[in-house]
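Chains A and B are the protein sequences, given in the same order. The number in the numbering used here is simply the position in the first sequence, starting from 1, with 92 added. The number in the numbering used here is simply the position in the second sequence, starting from 1, with 116 added.
Do not take every clue at face value.
[As the list claims (entries may be wrong)] With a cut-off of at most 35 Å between alpha-carbon atoms, the simulated DSBU-like pairs for lysine-lysine come out as follows:
1) Lys207(B) to Lys442(A)
2) Lys440(A) to Lys367(B)
3) Lys166(B) to Lys221(A)
4) Lys207(B) to Lys269(B)
5) Lys440(A) to Lys143(B)
6) Lys221(A) to Lys155(B)
7) Lys155(B) to Lys367(B)
Please keep in mind that the hints were generated in silico from the structure rather than gathered at the bench.
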Amino acid sequence: MFYREAGQFKATYEADQALFPIRQDRIAMGIILAVAFVAIPLLANDFFLTSIMIPFLVFSLAAIGLNILTGFAGQLSLGSGAFMGVGAYAAYKLTSIFPDANVIVLVLVSGVFSAGIGAVFGLPSLRIKGLYLAVTTLAAQFFLEWCFIRIPWLYNYNASGAIEIPQREVFGVIVTGAEATPLTRYFVVLAITVGLAILVSNIIRGRIGRSWMMIRDMDIAAELMGVRPLQTKLLAFAVSSYICGVAGAMMVFFWLNAAEPSSYSITLSFQILFMVILGGLGSIAGSFLGAAFIWILPVFLRFLPGLFGVEVAAESIQHVTFMIVGALIIFFLIVEPHGLARLWQIGKQKLRVWPFPY
Amino acid sequence: MNAVTAAKVIPAEPVAAPEPQREVLLKVDNVSLSFGGVKAITNISFDIRKGEIRAIIGPNGAGKTSMLNVINGFYHPQEGTITWRGEVRRKMRPYEAASQGIARTFQNVALFKGMTTLDNIMSGRTLKMHRNFFWQVLHYGPARDEEIAHRRKVEDIIDFLEIQAIRKTPVGKLPYGLQKRVELGRALAMEPELLLLDEPMAGMNLEEKEDMSRFILDVNQEFGTTIALIEHDMGVVMDLSDRVVVLDYGKKIADGPPAEVQASQEVIDAYLGVSH
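Use the sequences and the hints to build the structure in full.
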């Protein structure tokens, strides 16, 4: 009822092809951005920023990255964790080699290395499809993890085998290292995530995004329309890995401060994949919803008993949280196999025609 | 088939008899194709002239679809040559065929199910869009102008096919007849010189067939597109096409104007069956 586009006439194709053609969507988006950029920094405490918002944004970006590959281009991948790792190690090496360079720029550049490696591991996709491709990307996961452990140059011969992020300043403000304030980190992560999300949605609605979806839906027909399968798939791998790489670099630079090879293990790949599937394949908004579901919900559940003044042992809370989240995942996948994004769309459609059923 | 005959009364075929002077657009010479021991096509030659509607008919398994697949490069024949716009070649490649003006539709609809009607037809414009990755990322300036310009063309096609109402509907949700129409729209968006239609009317009711026949004739006459079509509905074939080639068991058994083919004893035998 509040969500109704009646009376909003579009006189130009520009207006019709805008990112948010419906006025209510634009207003909602404005509110969300205002909350993210103004309300949260004003109201949130450090815990909320470092343990909830920053990881949520990092995972959202990683989920967007994987969604490009799996949701839009239809190539199943289990290597996203490793590609995030490539971004992290690349950014770490870059900042060791160029200590004076702007670290935010370095984080954005580190994705390029990840993109290159992603494209190489995307080569089998020309011949291999579906689950079999997922297995070949597993090779990427294990090979890259091996590199993170066995090539000491990557972690500057650090005795602990981990990468520790040095302190770096941008325009006089400390943005990385232990001294950086959560608020600064939050702003950097938020800006990068929002910026890249907008750029990705631009690609999606243009020729390149369409050719990814063509390959996903019917590769034979796509070839007949003049899409070259190899180039298109490799571009999807590269863009996806770029986004994942930047997310991985942000993960260690602005959230964890230090990372071991095991931070970028297969578990992370699965976590990102679950976010994408649960949030909705082929949806940017779905990536955010999936990340929120998998990351924020458990944290929230853990604090729920405390809010009601109930004393529960920490381990019990942990176990119950696992159970509840697991049950909810199953519940949502049964209700709507296409993910939370589709659920959201159905809800909007219902609002549009309310009070009539259709 | 009333409407189809009606379409004929309106000067549907300005030139009833094929004029020999029309230039040959595509020519296949002695093409043979086999899969292991199965001979799909044996030594077939025929040509398609500019601006005509050429029907390819034959019983099931005669090699009609294989023939189309050879023409647009899905299958590579073991023997024979294909001459496309005067250039002789051993085989076509799908990308080459697409970029040189051959479009097609499929027997069992091959639309992009997850995309809307609009996006499906826009996908036909892929080869005509050239803005590079960086402009696409910004979706601003030249990239957006290009997108809008092509949207305009696509809207023309949507108007032509009378599918304005389903513009934003995912094609997976559309009924079969409309899907076939969207698929025709997608092929038209490529602005092809030669349009290959693989059973455009299979599974349609009379009304939908009438609509489709009208679209095919309009495309042929207004855009001057050459059409090669496979169809099982003989009424449609006889009314629409300028010339017909008949295949049976991978061999060509007749070639000529509809009336002549219809009268051929061999064709009657192939369709009705005859004791060998």
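Which numbered hints fail: When the structure is compared with the hints, numbers 1, 2, 3, 5 turn out to be violated.
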